Structures are given as C-alpha cells and as structure tokens.
Amino acid sequence: MLQVGLTHFLTLSAILFSLGVYGVVTRKNAVMVLMGIELILNSANINFIAFARFGNFGYSGQIAALFVIILAAAEAAIALAIVLNIYKTFANVNVDEIDHLKD
Amino acid sequence: MNYYDIMFYIFAAITLVSAWFVVTTRNVIYSAFFLLFTFFGVAGIYVLLAADFIAVVQIMVYVGGILILLLFGVMLTNTITNVDIRTGASNLLPASIATGILMGAVVSVMWYTEWKIQPTAAPNTTIKELGRLLLTDYVLVFELLGLLLLVALIGAASIARREKE
Chain A
1 MLQVGLTHFL TLSAILFSLG VYGVVTRKNA VMVLMGIELI LNSANINFIA FARFGNFGYS
61 GQIAALFVII LAAAEAAIAL AIVLNIYKTF ANVNVDEIDH LKD
Chain B
1001 MNYYDIMFYI FAAITLVSAW FVVTTRNVIY SAFFLLFTFF GVAGIYVLLA ADFIAVVQIM
1061 VYVGGILILL LFGVMLTNTI TNVDIRTGAS NLLPASIATG ILMGAVVSVM WYTEWKIQPT
1121 AAPNTTIKEL GRLLLTDYVL VFELLGLLLL VALIGAASIA RREKE
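Protein sequences appear in the order of chains A and B. Heads up: the first sequence is residues 1 to 103, going by the working numbering. Heads up: the second sequence is residues 1001 to 1165, going by the working numbering.
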C-alpha cells in the first residue's frame, strides 16, 4: 500500500485529470479554461511515462509524452491568439457570455 | 517507506494541492502562479519515473513557454490598472458532483485493475535512446510536428494580428 508503484502514479494522474475537468467546466475566464486543459494534458503525460517506466515497452511512452508537450505548446499559442481576438471583439473573455460568432 | 516513496508523496502533494488552488482560486494571476508549482511537481514526478529529459523539457516548455503565454493572456485580456483580477465560476454544484463521480470511477479503475507490470532497472540516462528513436522509428512524426509548429506560429501570428482599418 505504501510502497509506491504504478498504481500510485496512475491514481495521481486520475486526480489531476479530474481537477482539470473541474477547472474546465466551472471557470468562466477563457484563460482559466486553458489552464484546466494544461492540467489534463499533464495528467495524460504522467500516465504515458508511468507505463513507459513500468511496462517494459522501451521508450515509446516517453516519446508520446514529448509529442504531447509539443502539441500543448502549439495549442496554447493558437488558443491565446483566439482569446485575444475574442477580447478585441467582445471586451471580455467570459466563455458563458460569448454565444455568437460575430457582432 | 524509503526515500523514493517520501519524494513521491512530497511531489504528489505539491502537484495536487497547487492544482486544487489553480481550479478554485478566484484571482487569475494567483491561478497562473499555482500552475507554476503544479508544473514543477509534475516535473519531479517525471524524474521519479526515470524520465530525466522529459522533466527538463517540461520545465523549459511549460514553465518557460506556456505559463508565460498564459500570463500574457491574462495581462492582455484584463485591464492592468484593475489590480483585482477576478473571475467568476458557474455550475459549481453539478460540476463538483460530476467530477467527483468521474474521479471515483477513474481512480477505482486504476486501483483495482491488475496491471501487467515488468519493472526494469532505472536507466542511467534516456537522452541517447530518445534521440535514436526520434530519428529512426518516429522520424515522420518528428518532421510533421516541426511542420505543425511552423503552421501554429504563422497561424497564431495571423490570428492575433491587428486588422488594418
């Protein structure tokens, strides 16, 4: 139980995933929603690396984690560009108030 | 409990407590700074899983890149003179119940499944093997991701550019 093994890492990532989902569904600010998505991606990465460590498949899991990090960087850049455009158009970034695509 | 277990619990506590504050604090700037601690905690977890290169990449890309981008996003979408940068929350009760159920389900799946594990000795360094894999088995994905980053760079710049009136 106290000996740390694969299960502990998977449980940590499951809790982190749930916290990320909670952030995505409750926050109003679009930037905070992005932070929730980053938490979810991090929890997925923990799973990849934990299985790479304990599963004896070589390093493919770590490569997948690397690709996830790269995609997260691209996603954050694009999403923030979109958020800036939304702010220019609507003067706020609350996701529950923006319900049409143009003025 | 050896040192490995103690370090795991310390890093897990840092990660989860700061992640909790990320999703519950009302101040967006505080959230961004708690996210910093979450990323560092996750990097520590990667080190414990013998993924040294990924841990360094995590710190460089997430803390050095994504977190700064998020902070810029906060600064540019709130009036700076407004010290009190707050954000509202919606659907707190249904969201708590739903994510609580989700967390219980996923954690119990993780906990009760008989995982086939074959732990091997922790490698000295993973960089050599990762580099070999990136240029042999995963070379196509590697090239595509380079292209994707270029597209994302151009796309982000053209989306965020100020339109000419």
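These are calculated hints, taken from the structure and not from any lab test. Source: prediction; values computed, not measured. All residues carry an ideal CB built from backbone N, CA and C; glycine is no exception. Heads up, a few of these hints could be off.
Claimed, not checked - Listed next, the stretches of chain A that the computed footprint assigns to chain B, with coverage defined by at least 3 CB atoms under 8 Å from CB atoms of chain B:
#	segment
1	55-63
2	96-102
As the list claims (entries may be wrong) - Partner residues aside, some chain B positions facing chain A, computed with beta carbon under 10 Å:
#	residue
3	D1005
4	T1024
5	F1037
6	I1045
7	I1054
8	L1069
9	G1073
10	T1077
11	L1102
12	G1104
13	P1119
14	P1123
15	N1124
16	A1152
17	A1156
18	I1159
Within 8 Å of chain B's CB atoms, at least three CB atoms from the segment 96-102 of chain A: coverage verdict: With 1 residues close enough to chain B, the hint is violated.
Chain A contact restraint on N1124 (chain B) - CB to CB distance below 10 Å: Violated, because the Cβ-Cβ distance from N1124 (chain B) to chain A comes to roughly 13 Å (cut-off 10 Å).
Does the interface hint hold: is T1077 (chain B) within less than 10 Å of chain A, judged Cβ to Cβ? holds, 4 Å
Interface hint for I1054 (chain B), Cβ within 10 Å of any Cβ on chain A: Cβ of I1054 (chain B) sits 5 Å from chain A, so the hint holds.
Hint validation: G1104 (chain B) versus chain A, beta carbon distance must be below 10 Å. Holds or violated? It holds, given that the least Cβ distance between G1104 (chain B) and chain A is near 9 Å, below 10 Å.
Restraint satisfaction for D1005 (chain B) [CB to CB of chain A, less than 10 Å]: At about 5 Å, which falls below the 10 Å cut-off, the nearest Cβ of chain A leaves the hint on D1005 (chain B) intact, so it holds.
Take the shortest C-beta to C-beta distance between I1159 (chain B) and chain A; is it under 10 Å? holds, 4 Å
Should the hint that A1156 (chain B) touches chain A count as held when the rule is a Cβ pair under 10 Å? Cβ of A1156 (chain B) sits 4 Å from chain A, so the hint holds.
Measuring from the C-beta of T1024 (chain B) to each C-beta in chain A, is the shortest one below 10 Å? holds, 9 Å
Would you check whether I1045 (chain B) satisfies its interface hint, that is, whether its CB is within less than 10 Å of any CB in chain A? holds, 6 Å
Hint check: is the beta carbon of G1073 (chain B) less than 10 Å from a beta carbon of chain A? holds, 4 Å
Are P1123 (chain B) and chain A close enough, Cβ to Cβ, to be under 10 Å, as the hint says? Given a least distance of 9 Å, the restraint on P1123 (chain B) holds.
In summary, the structure is inconsistent with hints 2, 5 and 15 from the numbered list given earlier, while agreeing with the others.
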